[in-house]
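Listed below are the residues making up each chain.
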Amino acid sequence: MSENTTPSAAPAANVAEPIGAPPSPLRETWDYFRKNRGAYVGLMVIAFILFLALTAQWIAPFDPIAQDRTAFLKPPVWMEGGDPRYLLGTDAVGRDILSRLIHGAQLSVSIGVFVVILSMISGICLGMVAGYFRGWVEVCIMRLMDIMLALPSLIMALAIVAILGPGLENAMLAIAIVQLPHYVRLTRASVVSELNKEYVIASQIAGAGHMRQMFVNILPNCMAPLIVQGTLGISSAILDAAALGFLGLGAQPPLPEWGTMLSEAREFVGSAWWVITFPGLCILVTVLAFNLMGDGLRDALDPKMKR
Amino acid sequence: MALLEVKNLTVEFGSEDKPFRAVDSVSYSVDRGEVLGIVGESGSGKSVSSLAVMGLIDFPGRVTADALTFDGQDLLGMPAKRRREITGKDIAMIFQDPMSALNPCFTVEAQIMEALKVHEGGTKKQRRERTLELLNQVGIPDPKSRMTAYPHQLSGGMSQRIVIAMAIACKPRLLIADEPTTALDVTIQAQIIDLLLKLQEDSDMGLILITHDLALVSEAANRIQVMYAGQLFESGPADSIFAAPRHPYTQALLEALPERSEGHDRLRTIPGVVPGQYDRPTGCLLAPRCRYANESCITARPEVRDFNGRDVRCFYPLNDQGQPTGLTADMATGENV
Amino acid sequence: MLGFLFRRLGDIIPTFFGVTLLVFFLIRLIPGDPILMMAGERGVDAARYAELQAQYGFDQPIIVQYFDYLMGVFQGDLGKSFVTKKPVIEEFLTLFPATVELSIMGILFAVILGVPLGVLAAIHRGKWIDHLTMSVSLTGYSMPIFWWALLLIMFFSTTLGWTPVSGRLSVLYYIQPTTGFMLIDTLISDEKGAFISALRHMILPTVALGTIPMAVIARMTRSSMLEVLGEEYIRVARAKGLAPIRVIMVHALRNALIPVITVIGLQVGVLLAGAILTETIFSWPGIGKWIIEAMNRRDYPTIQGGILMIAFLVMGVNLIVDLLYGIVNPRIRHKR
Chain A
1 MSENTTPSAA
11 PAANVAEPIG
21 APPSPLRETW
31 DYFRKNRGAY
41 VGLMVIAFIL
51 FLALTAQWIA
61 PFDPIAQDRT
71 AFLKPPVWME
81 GGDPRYLLGT
91 DAVGRDILSR
101 LIHGAQLSVS
111 IGVFVVILSM
121 ISGICLGMVA
131 GYFRGWVEVC
141 IMRLMDIMLA
151 LPSLIMALAI
161 VAILGPGLEN
171 AMLAIAIVQL
181 PHYVRLTRAS
191 VVSELNKEYV
201 IASQIAGAGH
211 MRQMFVNILP
221 NCMAPLIVQG
231 TLGISSAILD
241 AAALGFLGLG
251 AQPPLPEWGT
261 MLSEAREFVG
271 SAWWVITFPG
281 LCILVTVLAF
291 NLMGDGLRDA
301 LDPKMKR
Chain B
1001 MALLEVKNLT
1011 VEFGSEDKPF
1021 RAVDSVSYSV
1031 DRGEVLGIVG
1041 ESGSGKSVSS
1051 LAVMGLIDFP
1061 GRVTADALTF
1071 DGQDLLGMPA
1081 KRRREITGKD
1091 IAMIFQDPMS
1101 ALNPCFTVEA
1111 QIMEALKVHE
1121 GGTKKQRRER
1131 TLELLNQVGI
1141 PDPKSRMTAY
1151 PHQLSGGMSQ
1161 RIVIAMAIAC
1171 KPRLLIADEP
1181 TTALDVTIQA
1191 QIIDLLLKLQ
1201 EDSDMGLILI
1211 THDLALVSEA
1221 ANRIQVMYAG
1231 QLFESGPADS
1241 IFAAPRHPYT
1251 QALLEALPER
1261 SEGHDRLRTI
1271 PGVVPGQYDR
1281 PTGCLLAPRC
1291 RYANESCITA
1301 RPEVRDFNGR
1311 DVRCFYPLND
1321 QGQPTGLTAD
1331 MATGENV
Chain C
2001 MLGFLFRRLG
2011 DIIPTFFGVT
2021 LLVFFLIRLI
2031 PGDPILMMAG
2041 ERGVDAARYA
2051 ELQAQYGFDQ
2061 PIIVQYFDYL
2071 MGVFQGDLGK
2081 SFVTKKPVIE
2091 EFLTLFPATV
2101 ELSIMGILFA
2111 VILGVPLGVL
2121 AAIHRGKWID
2131 HLTMSVSLTG
2141 YSMPIFWWAL
2151 LLIMFFSTTL
2161 GWTPVSGRLS
2171 VLYYIQPTTG
2181 FMLIDTLISD
2191 EKGAFISALR
2201 HMILPTVALG
2211 TIPMAVIARM
2221 TRSSMLEVLG
2231 EEYIRVARAK
2241 GLAPIRVIMV
2251 HALRNALIPV
2261 ITVIGLQVGV
2271 LLAGAILTET
2281 IFSWPGIGKW
2291 IIEAMNRRDY
2301 PTIQGGILMI
2311 AFLVMGVNLI
2321 VDLLYGIVNP
2331 RIRHKR
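Residue numbers (this note's numbering), protein chains in the order written: chain A, 1 to 307; chain B, 1001 to 1337; chain C, 2001 to 2336.
Note that these hints are calculated values from the structure, not bench results. Just so you know, not all the hints are guaranteed correct.
[Said to hold, decoys possible] When the alpha-carbon atoms are kept at most 25 Å apart in a straight line, the in silico BS3-like pairs for lysine-lysine are as follows:
(1) Lys-1144(B) with Lys-1124(B)
(2) Lys-1018(B) with Lys-35(A)
(3) Lys-1125(B) with Lys-1144(B)
(4) Lys-1089(B) with Lys-1117(B)
(5) Lys-1117(B) with Lys-1171(B)
(6) Lys-2127(C) with Lys-35(A)
(7) Lys-1018(B) with Lys-2080(C)
(8) Lys-1144(B) with Lys-1198(B)
(9) Lys-1081(B) with Lys-1007(B)
[Unchecked claim] Reference excerpt, derived from the structure (chain A facing chain C, CB under 7 Å, subset only):
(10) Ile-141
(11) Arg-143
(12) Ala-162
(13) Leu-288
Note that CB positions come from ideal geometry on N, CA and C, so glycine has one too.
Starting from the given sequences, assemble the full structure and let the hints guide the process.
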């Protein structure tokens, strides 16, 4: 029996096909992701930053806002005049830069994650409604998004902060609003293309309600581009939040937000390189890591790029 | 001396230690005024071999040959600049899909005049006149108004005529046509082939006609070259190949022609596909698909040899009755398919 | 082509009204009474309050107020600054050339560097030069430009002393603005050395502003170029016996640049956002710095007017880019 059922066309000289289930989609994506060296490095860096953010309270050597009046603008240890207690030196009011950077990681990561979650959830809902119900609802929502996109994101965020007033929470809200159109557009586009597929029609015939159709049947099939956009959204949220902080409209001193730290350090551009270099480097590395991961995810999730 | 002489041309891709041979020791020659048909399924290496002749194989690909000469000049040994002077002037090529062969950003006239400018020089006026002449020659109606058209404004058949005009602009002595009609409507196909053959006859060009359409080659070509998985399987004069194929693959190809399937319920097919990079059989490349294959076909790879005046790569070439020779009787029944 | 223009205009008009509506409500959404805020700590008595309310039209129904505002916008009236009491449009027009000059230099920097880098990476795909270019590009793309600007100042101005730290021109020179573009004004003026000074002031802000667009353009050029290089017509061009440089620069680049032009157009928004940061850091007297100062002073008419003008600008440039796209891409030009 077993002899007869093997396809006779299969040549004897051929290498035997590995028998077994094909790799799960998650596994397959991970394998593609792993092969992308940049994305992998990005993921490692993000893991490290996450670790710093989660353990900031315990691993930071000092309180980020405690001032040491005996150590203003101390250079990093390896420089002449460095204080061994302050590895990366101190700022103008004697705060330990390393501790502030570690706590800054906490702030930046939570800004990125919070902004993206808020923006993504509302964006998915709006985009889903627009794509699912079509008609005038869609026209209204998409027009509004077009208007929001007419303004450069940072300027839009500035306008919103101008209304709400400066501060970290308002800055986060502003950035979340600014990012909204991207998620709305992505969701709507995927929903519209999914809507006519057989499986959606089939479950409609089976009597699935609107909510079930939207969030149980359609949404999971639209997630891939949203995940990519979300990852890239984290990096732009961190960047925009830092820019707002730098302009004095985001996190307010003494919060150790990286952009705010840079803003406070601006006057020392000619005298104390370390107060300027390190916070910016942290922003760059974090943003770069999320961008690398986003690119890697896009390549791994995009079926067109595979093979 | 033949116009184009190709001896043991090999094109490899991939790493040095585990190369993939897209073309494996293929030899042929084309004389002026001669039409050579190269036939094979997709993936048989027929396009790659002609790209190698044109010098269009890019870096990761490696081209080697015992001889690759055009009009006595060694194409592989000459400097790149000298070779480009021959490419496009003395040897020209027509590609499969006319719709994508024209640059969408430039007018018809600009694209034809470009080849003229590079190889012949002359004034702009002369080039424009020559272009008009060429468009007339390839049968474009109202050529004057087509000169300034952009490719997206032309139909497929029209585009292919432009592509042909572009190729014959510098009066090449050898024209390679790579599936020139595959992408066209059936009604246009015959027109284009007729045009090509007329041009070939008028200017006594050598023509290499690459196709998977045996019927087309049977009418057009003087000699035929059957390729499979990068290897030459059979070559010889067109009419004798059609009368009596010596290679089982040629035989199978001929049987797959609709006109030869009369009396059968269905068209005959050849089961399976051309082996790719990773699934090459160790023995004869056709062995998995060959109805006559036996143990020795699976273990050893045949060489090209002379059989009744034809080059055949098979251990058991067919006789005039279409039966394999050199086999013991019980093996000749073809139980494998 | 004309039909295409009208179609695009038809798309823009609703957005135009939307933006005016958005900006109009911006000021109404602010918690607190704008007149009390304008008056500041001194406060106003009831009579003066009513007078000011009438003056700014706050006593009218909201729809009338919007209509008045819209009419004003059409006539170029964006209100008066709370702080300087000058018309917002006037201030905008005075400062605008400085931003335009900086943005043009920035985009020039980005294109002149970005396109060749992208082409280079594409034709050396997978080799070290490709990896290097794309690493640089990704870094540039992730760069916080306010930090990048500070680093540039730290290195080139304070350490090496090559370039000035801020401003558009050395105080040694006084140039009467004619075009508003410092590079042109200094060039046509009699002051010797003024042009060099203007150029030196220009370098760092240009680099800071142009870095992100440069990175984006390089990436886009590379991927677009890679796609085009795989096209059949490239092979045909090579089969004509053309030199590789001609195939790449004429046949491939011309096609590859079509999507890049759209990307360049999209960078205008990035540039204007970047101008806010760059101008603040380099004390560049343009509209970016102006808006930030207005925000710090809560000068709402200025914020409102500035944002509106930026939105118009972005919309206008996008329109121009669309038209340009039609010109370089024959497939669109001939669509009827």
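How the hints compare with the structure:
no.: 1; hint: Lys-1144(B) with Lys-1124(B); in the structure: holds (16 Å)
no.: 2; hint: Lys-1018(B) with Lys-35(A); in the structure: holds (21 Å)
no.: 3; hint: Lys-1125(B) with Lys-1144(B); in the structure: holds (14 Å)
no.: 4; hint: Lys-1089(B) with Lys-1117(B); in the structure: holds (11 Å)
no.: 5; hint: Lys-1117(B) with Lys-1171(B); in the structure: holds (13 Å)
no.: 6; hint: Lys-2127(C) with Lys-35(A); in the structure: holds (17 Å)
no.: 7; hint: Lys-1018(B) with Lys-2080(C); in the structure: violated (76 Å)
no.: 8; hint: Lys-1144(B) with Lys-1198(B); in the structure: holds (23 Å)
no.: 9; hint: Lys-1081(B) with Lys-1007(B); in the structure: holds (23 Å)
no.: 10; hint: Ile-141; in the structure: violated (12 Å)
no.: 11; hint: Arg-143; in the structure: holds (6 Å)
no.: 12; hint: Ala-162; in the structure: holds (5 Å)
no.: 13; hint: Leu-288; in the structure: holds (4 Å)
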